[in-house]
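**Q** Chain by chain, the residues:
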Amino acid sequence: MRAPYYIETLAANGDILQRQRVDHLPIRIGRGYDNDFILDDAHTAASHAIVEADGEDGLLLRDLGSHNGVIHRGQRRPEVAMTGNTVVRLGHTRLRVRSADQPVAPELTDTTMHGWEGTRPAVAGLVMIGLSALLSNWLGDAEKFDPIAYLMIIAYALAGGLVWASMWAVANRLFGQVARFGRHLFIIGCGLAVMEVWEMGSTMLAYSLSLESLTRYGRHMYIVMIGVMIYYHLCTIKPRHARRFALISTVLAIIGSTMILLSNLQSSGRLADEPYMSVLYPPVLRVSPNHTPDAFFRQAQGLQAGADAERGKGGGDEEAEDDSEE
Amino acid sequence: MKLSKSALLLSGLCAVTGVHAAEAAAPAPVSTIPATPKATTATTAAKPPPATAAPAASEHAALPPPSSAAQKLYTAARADILQVRVLLKNGRTQSSVGSGFLIGTGDLVVTNYHVVSQFALDPDTYVGEWVDTSGQRGNVELLAVDVLHDLAVVRVNRHGTGFFKMPAAPSQLATLTQGQYLYSMGNPLDLGFAISEGSYNGIVTRSFYDQLMFTGPINSGMSGGPSVTSNGDVAGVNVSKRLDGELVSFLVPARYAQQLLNQVALQAKVPKDFKPVVTAQLLQHQEAMLVRLLDTPLSLKAMGPYRVPVRESEQMRCWGSSNVKADKPYTVDSTSCAMETAIFISGALQTGQVSMRHEFLRSNELGALRFGELASTSFRNESFGSYKSAHLTGPHCIEQFVKNKTLPLRAVMCVRAYRKFAGLYDFALLAASTDQPTMSLQSRIDARGVSYANGMRVTRTFLEALSRTSAEQP
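These protein sequence lines are chains A and B, in that order. Heads up: the first sequence at position 252 corresponds to 252 in this note's numbering, and the numbers run straight through without jumps. Heads up: the second sequence at position 64 corresponds to 1064 in this note's numbering, and the numbers run straight through without jumps.
Treat the hints loosely; a few may be bogus.
To be verified - Taking lysine to any residue pairs in the SDA-like style, the calculated list, with each CA pair at most 25 Å apart, reads:
{"no.": "1", "chain 1": "A", "residue 1": "144", "chain 2": "B", "residue 2": "1326"}
{"no.": "2", "chain 1": "B", "residue 1": "1325", "chain 2": "B", "residue 2": "1370"}
{"no.": "3", "chain 1": "B", "residue 1": "1403", "chain 2": "A", "residue 2": "298"}
{"no.": "4", "chain 1": "B", "residue 1": "1420", "chain 2": "A", "residue 2": "209"}
{"no.": "5", "chain 1": "B", "residue 1": "1420", "chain 2": "B", "residue 2": "1451"}
{"no.": "6", "chain 1": "B", "residue 1": "1328", "chain 2": "A", "residue 2": "150"}
{"no.": "7", "chain 1": "A", "residue 1": "144", "chain 2": "B", "residue 2": "1321"}
{"no.": "8", "chain 1": "B", "residue 1": "1072", "chain 2": "B", "residue 2": "1268"}
{"no.": "9", "chain 1": "B", "residue 1": "1301", "chain 2": "B", "residue 2": "1284"}
{"no.": "10", "chain 1": "B", "residue 1": "1388", "chain 2": "A", "residue 2": "310"}
{"no.": "11", "chain 1": "B", "residue 1": "1272", "chain 2": "B", "residue 2": "1290"}
{"no.": "12", "chain 1": "B", "residue 1": "1275", "chain 2": "B", "residue 2": "1403"}
{"no.": "13", "chain 1": "B", "residue 1": "1275", "chain 2": "B", "residue 2": "1451"}
{"no.": "14", "chain 1": "B", "residue 1": "1405", "chain 2": "A", "residue 2": "209"}
{"no.": "15", "chain 1": "A", "residue 1": "313", "chain 2": "B", "residue 2": "1451"}
Since the hints were made in silico from the structure, they are not lab data. All values derive from a computational prediction rather than experimental measurement.
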């Protein structure tokens, strides 16, 4: 232990609110102006506590008879041995005491791209949002060309992207001092662009190779992408908690996927999103072979067992008298 | 669907079929059935309200008796026409009502199958009851059903006076000539017994089994009642009417009632459970239907370069439509063929029917990619029915790229089993051509209430008949 000493008050999440240097022991702490460290906390006494050397190269914080006392790990103590990481609560104030020989963590590599902030990522994000909206609308547009429809779609998409990015920017400003609006806009732009690419790519792949499960369970991939987007948004706010955020995003994605599966099961009795693959693309994209009608109807013969088994189970909802296919 | 335009003349059940038809049709007077008997305000469709009908009867004595055939017939037949009611076992409240008539001096009553379908299929929940014109009532016992012609024979605990005679041989039945008067009796809308006059207009061949066309007013609740000639000979049994027409009604020919009565006479004991009986009849129907459908090769129609199979016959009508005038960058032509009638099994289940549909989609303006999206959207929204149905299992499907002799296709086939009728299935086959980037033929066939072998046969015939001509059409 060596002078000088630093008293640090902490927020609940560990952020330092205030730091004060004190050159010698003992350090008197309290609300009164005769203290070395003055607490602006109505729940503390005028002379609340004192930090002294314990005689063995350590520090000891002692209660000076305050009404609310010194709380360490939820329990009131007359005195607490203060290592550099011991946090005590006096009234509503959380504080710790560190000396000049407190060891610190090694320097972190800076992975933040400081050049990619502000206007440039914002514009890139907006462009990606606009382009993916445009592409998606163009692909699905089987009406006569109508420019206003495209303009409306782009306007809605951009507005949506801006609202989404704004919410993240507000959170960023609250928890990370700066807003980083451009970065958040860039993330949503990337997310939408990847979703658009996945939608086209996965359906083409499914059609080409006859991989029906790609379209049957395709919605889960969007959940994963949203999860990744949330991960990047969170990491933009607090770059240092990557693992925690990865866990949060994974849990959110699992919840999302489970909800999709359950709602499919409820509405259609199966886990898949659709009963059959409906995509039809130009023949040049096809790689998988054609089957003969013989093979197809052999497979169809196999359906009988499944249908009969379900029939045997009874089931069916007597309330649902109206068959939906009528 | 076309078939929904014709309504069965059973009050209560009409509420089910009538809903679909309401769009095309006249005000179907089905609202009376849930209402209490006193609620005459609901019966706007019924022209003579009971209030005016009652004084009319008492004025009879003062007026010179009009010797109309209808009056004579009604007076003579009055004792032998019954109302047949289906009651909930618990509480004995009526679930649906129809009519029926006593044959000869025996205790057998002919009515429609659809009048008694609830207690035929679900005897644990429903029971039947008869009420005659003098207000007497009693229980009915179901003896036989004929779901294909929509007939049933029940036994009641009273005897007929012998007005309605049913000769043993078909040759002894009255011969009918078009335009001759027929008189239809029953209890319309549960208001009271009535007789209505109309004319016979030949045999309708649109339904799979012959029906007589009766141009006269018959209403819900008259189902199962007799239609007789002016001599009192039974011509047929009231069964249904078209909701999109005026006075277009249908009768089951008397010879089918005769056959069923003969069958009852030979029957050693009454079946405990009618589901196997209904199943056997449905199996027999689908066999006959498929033989008739496939005895000659399906006829091929051209849609662009494709040839599509259809069957046009008296029972199966084809309708076409196109968006050619619409201001769109693609054109779509569609042809759909369907049987106009189906076999009534219960209020929510009509079956024994085949329908086909072809859609030909093409575009010169949309590129291959966008056309692909359009074709996918069109291929997507096909329903195979809910898994929650009480009558059918959920759809069990397979899908594959298939190539028949000339045409590569994406094929999807779904099968559903009937829960109550073992051995019967609904088949649906969906096929989309995959040979052209900016042209798509999408076809669907539905075979409802068929055996597995026949379902496989008809879908396979359909799939293999889809083809394209080798010469490219401009």
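**Q** For each hint, tell me whether it holds in the structure or not.
**A** Outcome of the hint check:
A C-alpha spacing of about 10 Å is found between residue 144 of chain A and residue 1326 of chain B, which places the hinted pair at or below 25 Å, so the restraint holds. For the suggested pair residue 1325 of chain B and residue 1370 of chain B, the alpha carbons sit about 21 Å apart, so the restraint of at most 25 Å is met. For the hint pairing residue 1403 of chain B with residue 298 of chain A, the CA-to-CA distance comes to about 14 Å; that is within 25 Å, so the pair holds. A C-alpha spacing of about 40 Å is found between residue 1420 of chain B and residue 209 of chain A, which places the hinted pair above 25 Å, so the restraint is violated.
Among the hinted pairs, residue 1420 of chain B with residue 1451 of chain B is consistent with the structure: their alpha-carbon atoms are about 14 Å apart, no more than 25 Å. The suggested pairing of residue 1328 of chain B with residue 150 of chain A holds, with an alpha-carbon distance near 17 Å, which does not exceed 25 Å. Annotation: proposed proximity of residue 144 of chain A to residue 1321 of chain B holds, straight-line Cα distance about 21 Å (limit 25 Å). Using a Cα cut-off of 25 Å, the hinted pair residue 1072 of chain B and residue 1268 of chain B is violated, with the two alpha carbons roughly 38 Å apart.
Taking the CA atoms of residue 1301 of chain B and residue 1284 of chain B, the gap is near 30 Å; set against the 25 Å cutoff, the hint is violated. Between residue 1388 of chain B and residue 310 of chain A the CA atoms are separated by roughly 12 Å; this keeps the pair inside 25 Å, and the hint holds. At most 25 Å may separate the alpha-carbon atoms for a hinted pair to count; residue 1272 of chain B and residue 1290 of chain B exceed this at roughly 30 Å. Simply put, residue 1275 of chain B and residue 1403 of chain B have alpha-carbon atoms about 40 Å apart, too far for the 25 Å limit, and the pair is violated.
A C-alpha spacing of about 16 Å is found between residue 1275 of chain B and residue 1451 of chain B, which places the hinted pair at or below 25 Å, so the restraint holds. Of the supplied pair hints, the one linking residue 1405 of chain B and residue 209 of chain A holds, its CA atoms being roughly 22 Å apart against a limit of 25 Å. Restraint check for residue 313 of chain A and residue 1451 of chain B: satisfied, since their Cα atoms lie roughly 20 Å apart, inside the 25 Å limit.
In this structure, the hints that do not hold are numbers 4, 8, 9, 11, 12, in rising order.
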